[in-house]
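Given chain A, work out where chain B should sit, using these hints.
Here are the chains, one letter per residue:
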Amino acid sequence: MPRVLLSPCNVRLTMKRLLLESKWGAMSLVALYISILSGVVLALQYDEVHPFYSAASLDLLIPFGSFWRSLHFYSSQLFFLIAVVHLVAILYGPGDRLALGKWLWLIAGMPVALLLLFTGYVLRGDATGESAGLIAENICLSIPVIGTMLNSLLFAVAEEGMKRVYANHIVGLGVLWIIFTWDHLRRYRVTVNQHGWFVLGIIAFSLVFSAPMEPMQMGVFHIAGPWFFLGLQELLRYMQPFVAGVLVPLVFMVSLGFLQTNHAWGRSARFFAGAWLILYGCITLVALGR
Amino acid sequence: MTEQRRIFLRNGWDWIRLAATAALCYPLFRFVKFKVPKKPRLVKVEKLMKVGDVHLDQEFVLFHDKSATWAVSRICTHLGCRLNFSEKEHLLICPCHQSKFTTRGVRVSGPAERNLPLFAVEKMSGENAKGFIVSL
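For the protein sequence lines, the chains are A and B, in the order given.
For the first sequence, position 74 (counting from the first letter as 1) is numbered 74 according to my numbering, and the numbering increases by one without interruption.
For the second sequence, position 63 (counting from the first letter as 1) is numbered 63 according to my numbering, and the numbering increases by one without interruption.
Rather than coming from a laboratory, the hints here were simulated on the basis of the structure.
C-beta: ideal position from N, C-alpha, C; glycine also.
It is possible that some hints are incorrect.
[Unchecked claim] Restricting the straight-line Cα-Cα distance to at most 20 Å, the calculated cross-link-like pairs of lysine to any residue (SDA-like) are:
1) B/Lys35 with A/Gly161
2) B/Lys35 with A/Leu150
3) B/Lys100 with A/Ala287
4) B/Lys39 with A/Gly161
5) B/Lys39 with A/Ala158
6) B/Lys35 with A/Glu159
7) B/Lys100 with A/Val220
8) B/Lys88 with A/Val220
9) B/Lys38 with A/Glu159
10) B/Lys35 with A/Met149
11) A/Lys102 with A/Val84
12) B/Lys130 with B/Phe63
13) B/Lys123 with B/His55
14) B/Lys100 with A/Arg290
15) B/Lys88 with A/Met218
16) B/Lys100 with A/Met216
17) B/Lys35 with A/Ile146
18) B/Lys100 with A/Met239
19) B/Lys88 with A/Gly219
20) B/Lys88 with A/Phe221
21) B/Lys50 with B/Glu127
[Stated by the list, open to error] Pulled from the structure, derived: some chain B residues nowhere near chain A, Cβ distances all over 12 Å:
22) Ile7
23) Asp14
24) Tyr26
25) Gly52
26) Ala68
27) Met124
28) Asn128
[What the hints assert, rightly or not] Have a look at the derived ranges for each label pair, beta carbon to beta carbon:
29) B/Lys88 with A/Ser210: 23 to 33 Å
30) A/Ser210 with B/Lys44: 34 to 44 Å
31) A/Ser57 with B/Leu42: 23 to 33 Å
32) A/Phe242 with B/Leu42: 29 to 39 Å
33) A/Ala167 with B/Glu3: 54 to 64 Å
34) A/Leu150 with B/Glu87: 36 to 46 Å
35) B/Glu87 with A/Arg290: 17 to 27 Å
36) A/Ala43 with B/Glu127: 41 to 51 Å
Next comes chain A alone, as it looks inside the complex:
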């Protein structure tokens, strides 16, 4: 009997059922609720003028600071990762397709969510955060014509420190994400009570595992960026910042816009996005091996 249960066909069916029948969207939203709540708590102590000192104080001095930081970090990661699984499940499943305009509007929330995650890393102000912020700033500046304006809007780390990154993290990007996703979210009512075990799981995990922090050290000659930034960091070794940091992610984002269409180019877009992700994963592995 166990042999039957573990047959490849059964495993595939179970995986498919798990993918299609789990409430990924709701779980992602619950993780977002926890992320927002813990973010509000952190903001009461965080000081963007001294980002690293402030983040380190949370870990070392402030009672339960480490817990709230971990809770914010892991719930935010989960929010994004589960949202990606939700997206895959929707594309894989038999559900209705949105009109192209509505889909483009909704999918624009994905890069905004990634930017929210990214600015969170930058705000730590540690070796990873500061370097990631400076790299993002220089990538922005490499964009012709609008680069300077875009950088002033999003980062400006060298001139302004964390001021604008913080403003974007706690207000600007959040509002933008809601604008893009509101039409989608307002149809579903998700309460935390329905996902008690999931919430407890995140809280327990955050109590045990601290969020990462890498202080600046004199003898450090290799810094790895956030996990989703590693492939890009590796590409920046070989390509011009504008190509690696703007064009390469841009073609992926354009392909995301056409994932849902039933035309022939919809299939091409799905193939392209899949191939892009596999290649990006391989480059990330190269970066991890350094």
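Relative to the frame of chain A, chain B by itself:
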């Protein structure tokens, strides 16, 4: 004929207004685009440095040898990461993409294409003064 002349004059007037607006945009763009050079900032390094000593500040690295004292930027010319000094290799190394520079700021290897800028250094004067002033 009179009608045609009127149309020609009206069109001409429109073109002149457009050209005037465009001409006004030029000083506006020049004005907005201009970046006021930063006021030089003086950073004091108040410590006695022995020959061969290296001082790492947030924005520069100060070197001191028998013949001279000089400061070189700590910001990588590739993507702005903060460089660290490797005593073993006697080079400045970027932790993000491993660009390498000599202690004089000359690029050795890596994706960075430009050398590091050097900053002026002055020895502090006065009876009790010790250390250096770096102009950024």
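Outcome of the hint check:
1. Between B/Lys35 and A/Gly161, the direct Cα distance comes to roughly 19 Å. Compliance with the 20 Å bound is thereby established for this hinted pair.
2. For the hint pairing B/Lys35 with A/Leu150, the CA-to-CA distance comes to about 16 Å; that is within 20 Å, so the pair holds.
3. Between the alpha carbons of B/Lys100 and A/Ala287 the distance comes to roughly 18 Å, so the proposed pair stays at or under 20 Å and holds.
4. For the given pair, B/Lys39 sits about 18 Å from A/Gly161 by alpha-carbon distance, which is consistent with the 20 Å threshold.
5. Of the supplied pair hints, the one linking B/Lys39 and A/Ala158 holds, its CA atoms being roughly 16 Å apart against a limit of 20 Å.
6. Proposed proximity of B/Lys35 and A/Glu159 is supported: the alpha carbons are some 13 Å apart, at most 20 Å.
7. A distance of roughly 14 Å separates the Cα atoms of B/Lys100 and A/Val220; the hinted pair therefore holds under the 20 Å criterion.
8. Distance restraint check for B/Lys88 and A/Val220: the Cα-Cα separation of roughly 13 Å lies within the 20 Å cut-off, and the hinted pair is therefore satisfied.
9. At most 20 Å may separate the alpha-carbon atoms for a hinted pair to count; B/Lys38 and A/Glu159 meet this at roughly 11 Å.
10. Among the hinted pairs, B/Lys35 with A/Met149 is consistent with the structure: their alpha-carbon atoms are about 13 Å apart, no more than 20 Å.
11. The straight-line distance between the Cα atoms of A/Lys102 and A/Val84 is roughly 18 Å, inside the 20 Å bound, and the hint therefore holds.
12. With a C-alpha separation of about 15 Å, the suggested pairing of B/Lys130 with B/Phe63 holds against the 20 Å cut-off.
13. As the CA atoms of B/Lys123 and B/His55 are separated by approximately 14 Å, the hinted pair is consistent with the 20 Å bound.
14. With a C-alpha separation of about 16 Å, the suggested pair B/Lys100 and A/Arg290 falls inside the 20 Å cut-off, and the hint holds.
15. For the suggested pair B/Lys88 and A/Met218, the alpha carbons sit about 13 Å apart, so the restraint of at most 20 Å is met.
16. Using a Cα cut-off of 20 Å, the hinted pair B/Lys100 and A/Met216 holds, with the two alpha carbons roughly 19 Å apart.
17. Between B/Lys35 and A/Ile146 the CA atoms are separated by roughly 16 Å; this keeps the pair inside 20 Å, and the hint holds.
18. The hinted pair formed by B/Lys100 and A/Met239 meets the criterion: a straight-line CA distance of about 17 Å does not exceed 20 Å.
19. Between the alpha carbons of B/Lys88 and A/Gly219 the distance comes to roughly 10 Å, so the proposed pair stays at or under 20 Å and holds.
20. Distance hint between B/Lys88 and A/Phe221 is fulfilled; the C-alpha atoms sit about 12 Å from each other, no more than 20 Å.
21. Using a Cα cut-off of 20 Å, the hinted pair B/Lys50 and B/Glu127 holds, with the two alpha carbons roughly 19 Å apart.
22. The non-interface label for B/Ile7 is consistent with chain A: the shortest C-beta to C-beta separation is roughly 37 Å, beyond 12 Å.
23. With a closest Cβ-Cβ approach of about 28 Å to chain A, B/Asp14 is found to remain outside the 12 Å limit, as its non-interface label requires.
24. The non-interface label for B/Tyr26 is consistent with chain A: the shortest C-beta to C-beta separation is roughly 17 Å, beyond 12 Å.
25. Its beta-carbon lying about 16 Å from the closest one in chain A, B/Gly52 satisfies the requirement of being farther than 12 Å from that chain.
26. Distance to chain A confirms B/Ala68 as a non-interface residue, since its nearest Cβ pair spans about 23 Å, more than 12 Å.
27. Annotated as non-interface, B/Met124 keeps its C-beta farther than 12 Å from every C-beta of chain A; the closest such distance is 25 Å.
28. Every C-beta of chain A lies more than 12 Å from that of B/Asn128, the closest at about 29 Å, which supports listing it as non-interface.
29. Hint check: B/Lys88 to A/Ser210, Cβ distance near 32 Å, so the stated range 23 to 33 Å holds.
30. Against the hinted window of 34 to 44 Å, the Cβ-Cβ separation of A/Ser210 and B/Lys44 comes to about 37 Å, which satisfies the hint.
31. In this structure, A/Ser57 and B/Leu42 meet the distance hint of 23 to 33 Å, their C-beta atoms being roughly 30 Å apart.
32. With their beta carbons about 35 Å apart, A/Phe242 and B/Leu42 fall inside the hinted range of 29 to 39 Å.
33. About 59 Å separates the C-beta atoms of A/Ala167 and B/Glu3, a value consistent with the hinted range of 54 to 64 Å.
34. For the pair A/Leu150 and B/Glu87, the supplied restraint of 36 to 46 Å holds, since their beta-carbon distance comes to about 39 Å.
35. For the hinted restraint 17 to 27 Å between B/Glu87 and A/Arg290, the CB-CB distance of approximately 21 Å keeps it satisfied.
36. A/Ala43 and B/Glu127 have their C-beta atoms about 50 Å apart, which keeps the hinted 41 to 51 Å range intact.
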